[in-house]
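Asker: Listed below are the residues making up each chain.
There are 2 protein chains.
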Amino acid sequence: MSDPSTYKFNHTMFRIKDPKVSIEFYEKVLGMEKFKESAGSDFTNFFLAFPSGFGGSNLSDDEKAAKMFNREGILELCHNHGTESDSNFKGYASGNEEPGRGFGHIAITVDDLDAACKRFDDLGVKFKKRPEEGRMRHIAFIYDPDGYWIEILANNRDVAHK
Amino acid sequence: MSDPSTYKFNHTMFRIKDPKVSIEFYEKVLGMEKFKESAGSDFTNFFLAFPSGFGGSNLSDDEKAAKMFNREGILELCHNHGTESDSNFKGYASGNEEPGRGFGHIAITVDDLDAACKRFDDLGVKFKKRPEEGRMRHIAFIYDPDGYWIEILANNRDVAHK
Numbered sequence: 001m002s003d004p005s006t007y008k009f010n011h012t013m014f015r016i017k018d019p020k021v022s023i024e025f026y027e028k029v030l031g032m033e034k035f036k037e038s039a040g041s042d043f044t045n046f047f048l049a050f051p052s053g054f055g056g057s058n059l060s061d062d063e064k065a066a067k068m069f070n071r072e073g074i075l076e077l078c079h080n081h082g083t084e085s086d087s088n089f090k091g092y093a094s095g096n097e098e099p100g101r102g103f104g105h106i107a108i109t110v111d112d113l114d115a116a117c118k119r120f121d122d123l124g125v126k127f128k129k130r131p132e133e134g135r136m137r138h139i140a141f142i143y144d145p146d147g148y149w150i151e152i153l154a155n156n157r158d159v160a161h162k
Numbered sequence: 001m002s003d004p005s006t007y008k009f010n011h012t013m014f015r016i017k018d019p020k021v022s023i024e025f026y027e028k029v030l031g032m033e034k035f036k037e038s039a040g041s042d043f044t045n046f047f048l049a050f051p052s053g054f055g056g057s058n059l060s061d062d063e064k065a066a067k068m069f070n071r072e073g074i075l076e077l078c079h080n081h082g083t084e085s086d087s088n089f090k091g092y093a094s095g096n097e098e099p100g101r102g103f104g105h106i107a108i109t110v111d112d113l114d115a116a117c118k119r120f121d122d123l124g125v126k127f128k129k130r131p132e133e134g135r136m137r138h139i140a141f142i143y144d145p146d147g148y149w150i151e152i153l154a155n156n157r158d159v160a161h162k
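Residue numbers (UniProt numbering), protein chains in the order written: chain A, 1 to 162; chain B, 1 to 162.
With the rest of the complex left out, here is chain A (with noise of 0.2 Å):
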């Protein structure tokens, strides 16, 4: 019998067109750290996550890797050969765009949002909606280089306020 009290939320995938320009997206921009990658015969997954949610610092990517179905908040990204360099790649769907719009965006929880827009604006980031636009302050929405939405929230704000 399977207990599904035991069940985690792993990860979240998406297709990505070009791994060098998204991975460094998710490490220099966002601060997650691939920690391993699988190659099939035509793609590439990479898997991406927050290394405070292995339960050990200093880890490398093998024991990381040994450790990762045991964790939530991983994401993967796939990279199907070619699409990088494809000039007739018209890009991938965010989810947000008819028709069909179905997925919608992830949300990153930062250590205060003012300053993490602040550091994504030196970085050069894209913004759809900064915290000062629009009804809701207390958030803030940013492009990855695919065009999927990442949602910005500080950490220690009152629930109250949403």
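I should point out that these hints are in silico values taken from the structure, not numbers from a laboratory.
Mixed in with the good hints there might be a few duds.
The list treats identical chains as interchangeable, and a pair is accepted whether it falls inside one copy or across any two copies.
[Stated by the list, open to error] Straight-line Cα separation of at most 30 Å, BS3-like style, residue types lysine-lysine; simulated pairs: (1) K118 - K67; (2) K67 - K129; (3) K34 - K118; (4) K126 - K34; (5) K34 - K67; (6) K90 - K28; (7) K28 - K129; (8) K20 - K126; (9) K34 - K129; (10) K67 - K128; (11) K118 - K28; (12) K34 - K90; (13) K90 - K129; (14) K128 - K28; (15) K34 - K128; (16) K28 - K67.
Dock chain B against chain A, hints included.
Answerer: Quick look at chain B alone, frame taken from chain A:
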């Protein structure tokens, strides 16, 4: 200055047609628990997660909501009011079809893959791929009520077999 080593991959959001159907699926089939909902004028967001990730047992929904920004692995389901009874609503794209396929899936780690799949069968869940189908014997894919793909894999499996 914002320190990315404190960031967390907090949640993944996608849109659903009918919250009654979807919440029952994610709670009954997968074992997540809805701990919060947040309504706008024409939409409601539902937040679900595995209770083990809150760092305490027997928390109230309010206590879970107060801790939600300090954990990973939350699923946000966005219901645009009316889709559940709109005969013209065409459904949401799962992200895995053309044009523009981009979003792939979410993944749940389980205690025992075969036992979990037997339980899914007993619950009438629709499979995209059973473990014994295709070359990847260590994973299954099921469909959620909107057609999003959910990968199922064992949390105790040998990483070298991937």
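Asker: Now tell me if each hint is right for this structure.
Answerer: Here is how each hint holds up against the structure:
1. Taking identical chains as interchangeable, the C-alpha atoms of K118 and K67 lie at most 30 Å apart only when they sit on different chains, with a minimum of 25 Å there against 34 Å within one chain.
2. For the identical chains of this complex, K67 and K129 are inter-copy neighbours only, at 25 Å across copies versus 35 Å inside a copy, given an alpha-carbon limit of 30 Å.
3. In the homo-oligomer, the alpha carbons of K34 and K118 lie at most 30 Å apart inside one protomer (24 Å), although the nearest pairing across protomers, at 34 Å, exceeds that limit.
4. Taking the closest pair of Cα atoms, K126 and K34 come within 30 Å of each other only inside a single copy of the chain (22 Å); across copies the shortest separation is 33 Å, beyond that limit.
5. In this homomeric assembly, K34 and K67 come within 30 Å of each other (Cα to Cα) both inside a single copy, at 14 Å, and across copies, at 27 Å.
6. Taking the shortest alpha-carbon separations for K90 and K28, only the intra-copy value of 26 Å comes in at or below 30 Å, while the best inter-copy value is 39 Å.
7. In this homomeric assembly, K28 and K129 come within 30 Å of each other (Cα to Cα) only inside a single copy, at 20 Å, whereas the closest approach across copies is 36 Å.
8. In this assembly of identical chains, K20 and K126 lie within 30 Å of each other by CA distance solely inside one copy; the values are 18 Å within and 36 Å between copies.
9. Both within a single protomer and between protomers do K34 and K129 lie at most 30 Å apart by alpha-carbon distance, with minima of 27 Å and 28 Å respectively.
10. In the homo-oligomer, the alpha carbons of K67 and K128 lie at most 30 Å apart only across protomers (27 Å), although the nearest pairing inside one protomer, at 35 Å, exceeds that limit.
11. In this assembly of identical chains, K118 and K28 lie within 30 Å of each other by CA distance solely inside one copy; the values are 14 Å within and 42 Å between copies.
12. For the identical chains of this complex, K34 and K90 are intra-copy neighbours only, at 26 Å inside a copy versus 37 Å across copies, given an alpha-carbon limit of 30 Å.
13. Taking identical chains as interchangeable, the C-alpha atoms of K90 and K129 lie at most 30 Å apart whether they share a chain (24 Å) or sit on different chains (28 Å).
14. For the homomeric pair K128 and K28, the shortest alpha-carbon distance inside one copy (19 Å) is at most 30 Å, but the shortest distance between copies (36 Å) is not.
15. For a Cα distance limit of 30 Å, the shortest separation of K34 from K128 qualifies both inside one copy, at 25 Å, and across copies, at 28 Å.
16. Proximity of K28 to K67 under the C-alpha cut-off of 30 Å is found in both arrangements, the shortest distances being 23 Å within a copy and 27 Å between copies.
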